[in-house]
Amino acid sequence: MHPNTRSKLWLTALGWFAALVIFFPILWMILTSFKTEINAIATPPVVLAAPTLENYVAVRERADYIHFALNSIIISFGATLLATLIAVPAAYAMAFFPGRRTKDLLLWMLSTKMMPAVGVLIPIYLLFRDLHALDTRWGLIVVYTLMNLPIVVWMLYTFFKEVPKDILEAGRMDGAKPKQEVWMLLLPLSLPGIASTALLSIILCWNEAFWSLNLTSSNAAPLTTFIASFSAPEGLFWAKLSAASTVAIAPILVFGWMSQRQLVRGLTFGAVK
Amino acid sequence: MSTVVLKDIRKSFGDVQVIKGVDLAIEDREFCVFVGPSGCGKSTLLRMIAGLEEITSGELKIDGEQVNDVPPAERGLAMVFQTYALYPHMTVADNMAFSLRLAGVSKEERYQKVRDAARVLQLEPLLERKPKELSGGQRQRVAIGRAIVREPRVFLFDEPLSNLDAALRVQMRIELARLHEHLNATMIYVTHDQVEAMTLADKIVVLQGGIVEQAGTPLELYHHPRNLFVAGFIGSPKMNFLNCTVSAVEAAGATVQLPGGASLTVPVHPGPLKAGDQVTLGVRPEHLRPSETGELQAEVMVVERLGGETFLYCQLAGVGMLVVQADGEVATQVHDRIAIKLNPVNCHLFTADGMAVERAIRHPLADLRRPVARKAG
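Line by line, the protein sequences are chains A and B.
Counting with the numbering used here, you get residues 1 to 273 for the letters of the first sequence.
Counting with the numbering used here, you get residues 274 to 650 for the letters of the second sequence.
It is worth saying that the hints were derived from the structure and are not from the lab.
Heads up, the beta-carbon is just placed ideally off N, CA and C, and yes, glycines get one too.
Hints should not be assumed to be uniformly reliable.
[What the hints assert, rightly or not] Straight line, CA to CA, 25 Å or less: simulated DSS-like cross-link-like pairs of lysine-lysine:
#	chain 1	residue 1	chain 2	residue 2
1	A	K165	B	K405
2	B	K403	A	K161
3	B	K293	B	K380
4	B	K403	A	K177
5	A	K179	B	K380
6	B	K293	B	K280
7	B	K405	A	K161
8	A	K165	B	K547
[Said to hold, decoys possible] Between beta-carbon pairs, the in silico distance windows are:
#	chain 1	residue 1	chain 2	residue 2	range
9	B	G287	A	A93	15 to 23 Å
10	A	A93	B	D288	18 to 26 Å
11	B	L375	A	P123	54 to 62 Å
[Said to hold, decoys possible] The following residues of chain A were derived to be distant from chain B, with all beta-carbon distances above 10 Å:
#	residue
12	V57
13	F77
14	I167
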């Protein structure tokens, strides 16, 4: 066998192994969601004996899944849209008209991510209470926007940096105003980057639990709250919890699956020429 | 009418001054070339004219109107970038029509103007392609086409040929010269290639360290360089320099003592030169000949045969290397000892501070200008 082929085989095997290890908990969760509660905690584990849909029925009876899912979708997409709208002009200015403090500003923005969220829980909670923003979708959209803004600006900044300055200058010579420059040249040219940034932001919003648990209760509660309600005081019901988790990640999993090509291209944009 | 006038133009980035006071008048329909080593400020100067860089101080006038603070698009200029800077997501036709689209020109008129420009540049079959489907030379043409469509007052070129291979560069150079003739427009062109400068320019502006060393016709710069820098920069291979001492000064010229003992009377207006002054004698390789009666004795170290001509790199005892352009037929070999003949008429003298001593005879072609073309019909 050619040494090159052999190393490629090894790499492929390793890749599959790593992928399986990473995917296994999700797979196990999905399998568990089809088991009875007894089978779910059986030792040695039962892989798939007598699959049942009773957990899904139970989940459906106990909570209005659609309500939570809709909240998740509205909040994630809303916050992402808002963050992108704010970040595009910011990243454009930073990438193409850097000032003396631009680098510091970028680092400072990122540094705000270093602070544990608990640190600002009380002030934010009080602010939300006084603004009547508790348990509202817009309240959560604002928090998520601010939470993801540093990352979105950073990513867009990096993608914009990849766009040759000459092209924008040519646009300027051709008479493009800044808004046209961004809309007709910069955005079409960095579309893969923007798509992957938005996707990442959506996933981060979707997974966010700290703020959603603390700032919402029912009206605006997203799927994270829905899941949390299944680890209830009565004890852990693994099969039901798995079913709830499966339906909670299903939309984003499907969404991610559909856009994975875009995502991978965006994340490796510039790294691979 | 499209003139560009620069008055004491300066540019600073922070505390660093990169353009240190440039005065220049570019006439209507002139092909003006900024040339200089990298980092001399030629691109910055062009970008300031374009409006892509702010002017720190000074005055920029286009057609007599001050435009320091006028946005790029309203200056009536078009620029061709070194990287072509085509819009990758648009077809060739859309690239060329972009400025018209922004200006709100109707679709039919846009189409017509793009067609016209495409015909001039032989781009018609490529109009529906995307830039990535084009070769380097074709992209270059599209970039020029995009400029033509705007019907600018002045064309700006920022090293437009430097990304092309050598053969294509020569071809595009000729096309550019023809285009200039055809369009009859004022053009400002930046290059570091002195051959491009010599062949294209009506006026060459030699820049170094943010100042204009000399501006003039190509042959003026070649025959009457103002200082050592211009003398060394224009011409290839570069001019030879020899350190000499002035032994006598008279009305007809200055007599200098050459290394090796011979003396030579160079026809210059001696001005303040006097006997005993240290000067630099400059003579181009093409004005040196191997000859039995030569004044300089040297050993040949390298022979470069180009076919039509041969360059001899000679070691002059105690002085350094001297490049001689000989006929392609010479049989001279490495380590031969040869005598080199200088023609005093072709020699330049530079004072100790590097400034040229005015030559007694003005070269008849030094003020030759391109005939002003009739407006193409």
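Hints versus structure:
Of the supplied pair hints, the one linking K165(A) and K405(B) holds, its CA atoms being roughly 18 Å apart against a limit of 25 Å. Our distance criterion of 25 Å between C-alpha atoms is met by K403(B) and K161(A), whose separation comes to about 22 Å. For the hint linking K293(B) to K380(B), the alpha-carbon distance of about 45 Å lies beyond 25 Å, and the restraint is violated. Under the criterion of a C-alpha separation no larger than 25 Å, the hint pairing K403(B) with K177(A) is consistent with the structure, at around 24 Å.
Simply put, K179(A) and K380(B) have alpha-carbon atoms about 22 Å apart, close enough for the 25 Å limit, and the pair holds. Using a Cα cut-off of 25 Å, the hinted pair K293(B) and K280(B) holds, with the two alpha carbons roughly 11 Å apart. Between K405(B) and K161(A) the alpha-carbon distance is near 20 Å, which keeps this suggested pair within the 25 Å criterion. With a C-alpha separation of about 55 Å, the suggested pairing of K165(A) with K547(B) is violated against the 25 Å cut-off.
Here the CB-CB span from G287(B) to A93(A) is close to 19 Å, well matched to the stated 15 to 23 Å. In this structure the supplied range 18 to 26 Å holds for A93(A) paired with D288(B), their Cβ-Cβ distance being about 24 Å. In this structure the supplied range 54 to 62 Å is violated for L375(B) paired with P123(A), their Cβ-Cβ distance being about 47 Å. Its beta-carbon lying about 50 Å from the closest one in chain B, V57(A) satisfies the requirement of being farther than 10 Å from that chain.
Every Cβ of chain B is farther than 10 Å from the Cβ of F77(A); the closest lies at roughly 25 Å, confirming the non-interface assignment. The Cβ of I167(A) sits about 5 Å from the closest Cβ of chain B, inside the 10 Å cut-off, so the non-interface label is violated.
Of the numbered hints stated above, those contradicted by the structure are hints 3, 8, 11 and 14, listed in ascending order.
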